[in-house]
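Protein chains in written order, with full-length UniProt numbering: chain A, 1 to 293; chain B, 1 to 141.
Hints are computed from structural coordinates only; laboratory data are not their basis. Everything numeric in this text was worked out from a predicted model, so none of it was measured. Any given hint might turn out to be false.
[Said to hold, decoys possible] Cross-link-like lysine-lysine pairs, in silico, DSS-like; alpha carbons within 25 Å at most:
hint, chain 1, residue 1, chain 2, residue 2
1, B, Lys12, A, Lys31
2, A, Lys262, A, Lys25
3, B, Lys109, A, Lys167
Residue-level listing of the chains:
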Amino acid sequence: MASLKELRARIGSVKSTRKITSAMKMVAAAKLRRAETRAAAARPYADAMRRMLAEVARSVAGEGGQPALLTGTGQDKVHLLIPMSSDRGLAGAFNSNINRTTRNLVLKLQAEGKTVKILPVGRKTYEFLSRDFADLIIGHRHLSASKEIPFSSATELGEQITSLLEKGEFDVCTLVYNRFQNVMTQTPTEMQIVPLALPENDNTENADVASYEFEPDEATMLSSLLPRNLQVQLYATMLETAAGENGARMTAMDNATRNAGKAIDRLTLTYNRTRQTNITNELIEIISGAQAV
Amino acid sequence: MSIKVKIVSPEKVLFAHDADMVVMPGSEGDIAAMPEHAPLMLTLRGGVVDVYEGDVVMHRFFVAGGFADIAPTHCTILADRALKVEDVSVDDAEARLAALEKSYEEADKMNVPALDILMDKIQSARAEIEAGQSAIPAMSI
């Protein structure tokens, strides 16, 4: 059995761990709220963009020579995967879910005889994937060093993807990210972004109005809308990742705090029992000593 | 009769209000959205969006390119970057313009699409400087 001194030290260390985890929980909760606000603020643009794109795509539907971002390269050989994780750990299974989903996807695609390339976003998934698939990784970027994710980071990533497509480096691009369902649940999701699955046209505000005119013409419009739409989608997933990361961390730290509390209770009980046993033992020693005299 | 005007940047909704007329810098010339305008979608160049209530310019925004969706009852401007004209920083824009002009000098002159993009950015930075310089008289109107 551990000595009283050891037990006291253990209790002390678990108590300070609990302080840290509960502080991290508070911080994550505050950050989560901010991230959710930002995600909500970015939604109107994404909605309007989706409507416009659907409108333009409807009017060019059936015409040939459409941009590769919309229709793909016509092949299905080289897959580009973009897993998106957080930069920092201690967020429960948040990052390992992404890592596992990505690895399964890579193995599945390779089994089908496709070439796979990976462009990880976020430090955690990069570190994980560079152990197993170092030769498949064609570059990586971190989510964001600063507190807030600027739109420019999505722009840069989008431009990188677009230029890779123009060079014919890949045929299909899939994003693996954590979809933010609520604070407790983030589901790892695979979303194909190139070729684009066309959004439903939900432009009901003027459904009965004659169709749109475009200036410049539809094709030019489409070719400038598509890269922007890609960036907006990437931005939305980045914001979702940021919100999900903090949600997952909050849940994980809440559990950790509760477990630390339980451990403290258990240790305190052992400590008191040990103390009592020691006193009893000492008393027995004294009494039997007195009897012997 | 008025139209619902919305100016949205990727990060947030910048402005949402009713107005009588909106003048925006289309890539093929300025265009004004008024109530009962035929549905039109257009791309924007860098420039200033003027929101009119009556005959008065109530709000002025600088947009660095983007798209606009004009319909009989509403007008949505999706700006790549948007800010109030009062908030435009001429110094910032000038620094950006200098950097862009430098990269234009160094760019590969055969790569026409890349040059076009650079030209658009330069135009947008010039428009921003202009907007910033005009901000003070505009406020006194």
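Quick rundown of the hints versus the structure:
1. A C-alpha spacing of about 18 Å is found between lysine 12 of chain B and lysine 31 of chain A, which places the hinted pair at or below 25 Å, so the restraint holds.
2. Distance hint between lysine 262 of chain A and lysine 25 of chain A is fulfilled; the C-alpha atoms sit about 17 Å from each other, no more than 25 Å.
3. Only pairs whose Cα atoms come within 25 Å are accepted, and lysine 109 of chain B paired with lysine 167 of chain A is accepted, the gap being roughly 19 Å.
Against the hints set out earlier in the document, no violation occurs for any number.
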